[in-house]
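Asker: Chains Y and X supply the protein sequences, listed in that same order.
FYI, in the UniProt record's numbering the residues of the first sequence are 1 to 478.
FYI, in the UniProt record's numbering the residues of the second sequence are 1 to 478.
If you're looking for bench data, these hints aren't it; they were derived computationally from the structure.
One should not assume that every hint holds.
Note that the list lumps identical chains together, so a pair holds whenever it fits in one copy or between two copies.
[Claimed, not checked] In the DSSO-like style, the derived pairs of lysine-lysine whose C-alpha atoms are separated by at most 27 Å in a straight line are:
no., residue 1, residue 2
1, K478, K412
2, K252, K71
3, K165, K453
4, K412, K377
5, K412, K252
6, K478, K252
7, K128, K412
8, K165, K252
9, K412, K165
10, K71, K343
11, K102, K478
12, K252, K128
13, K343, K377
14, K377, K478
Number of protein chains: 2
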Amino acid sequence: MSNPGLPDSTGLPDLNELATQLSPNALVTDTDVIAAHSSDRALFSPVESALALVRATCVEDVQATVRFAAKHAIPIIPSGARTGLSGGINALDGCILLNVAKMNRILEVNTLDGTVTVEPGVINLDLKNHLADFNLSYPPDPGSVAISTIGGNAATNAGGMCCVKYGVTRDFVRSLKVVTADGEVTTVGRNTAKGVAGFDLAQLFIGSEGTLGVIVEVTLRTVPKLADPLTSVALFSDPVHAARTVTDYLGKGATPSLLEYMDGGTIEAVNAYQNFGLPSGAGAMLIVQSDGSGSMTRAQEDLELFQQVAQDNGATDVMYSDDPRDSESLVAARRAVAPANEKLAHSRGGGELVDDVCVPRGRLAEFFERQAQIAQKFPDILVIACGHAGDGNMHPNVIFDAGDPVSIQHAKEAFGMIMQAGLDLGGTITGEHGVGVLKAEWLARELSPSAQKMHVAIKQALDPQGIFSPGKMLSHLK
Amino acid sequence: MSNPGLPDSTGLPDLNELATQLSPNALVTDTDVIAAHSSDRALFSPVESALALVRATCVEDVQATVRFAAKHAIPIIPSGARTGLSGGINALDGCILLNVAKMNRILEVNTLDGTVTVEPGVINLDLKNHLADFNLSYPPDPGSVAISTIGGNAATNAGGMCCVKYGVTRDFVRSLKVVTADGEVTTVGRNTAKGVAGFDLAQLFIGSEGTLGVIVEVTLRTVPKLADPLTSVALFSDPVHAARTVTDYLGKGATPSLLEYMDGGTIEAVNAYQNFGLPSGAGAMLIVQSDGSGSMTRAQEDLELFQQVAQDNGATDVMYSDDPRDSESLVAARRAVAPANEKLAHSRGGGELVDDVCVPRGRLAEFFERQAQIAQKFPDILVIACGHAGDGNMHPNVIFDAGDPVSIQHAKEAFGMIMQAGLDLGGTITGEHGVGVLKAEWLARELSPSAQKMHVAIKQALDPQGIFSPGKMLSHLK
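Construct the entire structure; sequences and hints are all you get.
Answerer: Quick look at the structure:
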């Protein structure tokens, strides 16, 4: 999609004009600081040269920045903690980076309604810890839980390990305060448990990756404090048996609060990184937890069922623990996949691409077969996977030699073939990491021409100048 | 909002042209049949004279009708079982009524993924019954559960009694097949548990009340078959003590699967209608159920907590039953409020307006105080309420003499004052019944100018000719 409203810059706008409208020190023109704020954690996503960085400390800073950008037809890229994996907040030439990480106050915990209102820069884990004092939980737990912000989580509809039972960010947002393309601030969504007054614009903004406006406040519903879960682990000779276990188990009406997958290569990578007590030599592993919705009996039944189903599906070993330390260690092992793979990549030339496809859970076995074929086709690179098995959401990691053009080429091909496998199996190119720059071309393959047209029309309707995050998620849609 | 694309009809379009493109007998021009399809169940909502009725039996019928309407700039009003309460599907002069109630096949139950795909005309209760054979449940249960369609439920984001634990229709829709304003058919949403590829257009269509397109297929997620609940009832001398019980109970981390409210006047109306064993003379009643997420122990704990909290809040009587027949009878009593109020209205001049505001649950007590003030202001009419207390979603019924202009005027005033109370308390004018014609003017009061602008822009973007349901939900937005 083109940005018809953005003329070529023929002269630089006067940043002093902007500075006078902002909080002291909010405007940053130091090129080193700008560079440090110019990218997220994605590979193969271009980083260009921003005109300026605004570190907003209040809604008025955001409004002033948007109005300035609109007046001068300058692209504006909202960002938070920059922990994304798709290049969605990477700088464009001449853009303003609008960072809201400093807007990080928890504004209100409403215990009567079980809601919490925060500024966008609040770190997810900080919110969780804060809510614990009120006996409340906010379930969404992306891998970046300790470092990513609630605003970023909402802008990308972040997921995590809890989703198999509790859902994603979208399921917890009651309302958003947003700054729109004309610099107005408005509330979308509602502060009640139910409501059908008009379009659900909050749902439209969630997952829109900064292309429709800037999120400056989020009201979330919470749930009563989650009970400590019980944990079980099953090992398999190969991924397909693990996949069948997932389908059978959930098909029997189980409601696990976590159902994670690691393949043999991932287990090896984690073992090489740190000793979490994981066995070696398995072809695949499932970690399951149940909190029994507060009933320990129900949690035990959930895990007994899991063990039975895993054994019926040829599990080579099934372990069970009601020691919370063991549970924590197993989940820590799953969370360690990211640094473990980084270390592995480092030893093999430094290249790593993290994919994120989601297929209907009934087609996981086929997906694993496709993954094996892709790995076989490129023996010079590694394709290993972990993921949120209960949701069919897989993260194949492509590990390659970043110094070898052939290896890079193979990695890119494998990355694409993984997404194609996802689409072929009725799934999506991204379950939770988002589109950004990395998958913008692929979004155009996933969406029908008619759905693309709707995206373009809505973008044009809400941001006619095209100032918000051009060249990103929507850039290949027609 | 005006409909710039719709010129005044200077001549009638040739319906034969449309007939040749439709399934046999799909086009209906018989004025009696058209009249029978021209309205839902709302009062005070104008019903005009439709040009024709199309009873679609397939997606192609819908596409042909939309294309014909677009070509001739004729308004088109999609409908299902016409059980709405806001006039959203009432005929406009010269419109085509596009009814999809005959598209009522259950297309696929996918037990591997726990999803079900249906045509829009499938009745909610029929779907529930069908899923029971697969040990699956589809929770949303609007009052119209036995007569309303899944397509209509999606178009209006229907709620019900389950929502306090399980959420509304929106929370169960994976994807929709829709026919857009250009007659194209496309899928919005996704068939996976998670997905973030682009805007969530399915969420935009849900609750859009036929203003953006026609829903021709719905894929829903299901949950494992819900366990039979236990039931408890508490009586109070007045509504405010009931409200405090709701807030305290939920604040203690309870997760009831139903938490319903009836005030004294409503209990009397139900008792006059049929004997469900409800006591008389109470000022307010709460019915609570817990399914314990499958754990009977947990369900019992939930209800014991309820009884304790109710007593602490001055309940005059608390009853408990683990006999499923008692539970069914109590819920049947709650479901009988609609016909009971109809009967009551009949005895008082026939007028009845059902309101549907939702406030933050922490403000229910204040809402009841406002309701009492409104009732006091108009002693010639009745204002009695029931509702989904756990969600703060109240249905005050205004009962009046439809033959007395003063009574009608008072009823309308009271109806508006109830909505104003909802807005004043941080709530919404409609929790689940929708906007339609009845509350279109009020939608403009609820939404900020900026949010209105977004609605108008999106409508214009997706339906530039304004053919879908003009004069309804969006008609007062600027």
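Asker: Going back to the hint list, which numbers does this structure go against?
Answerer: 2, 3, 5, 6, 7, 9, 10, 11, 14
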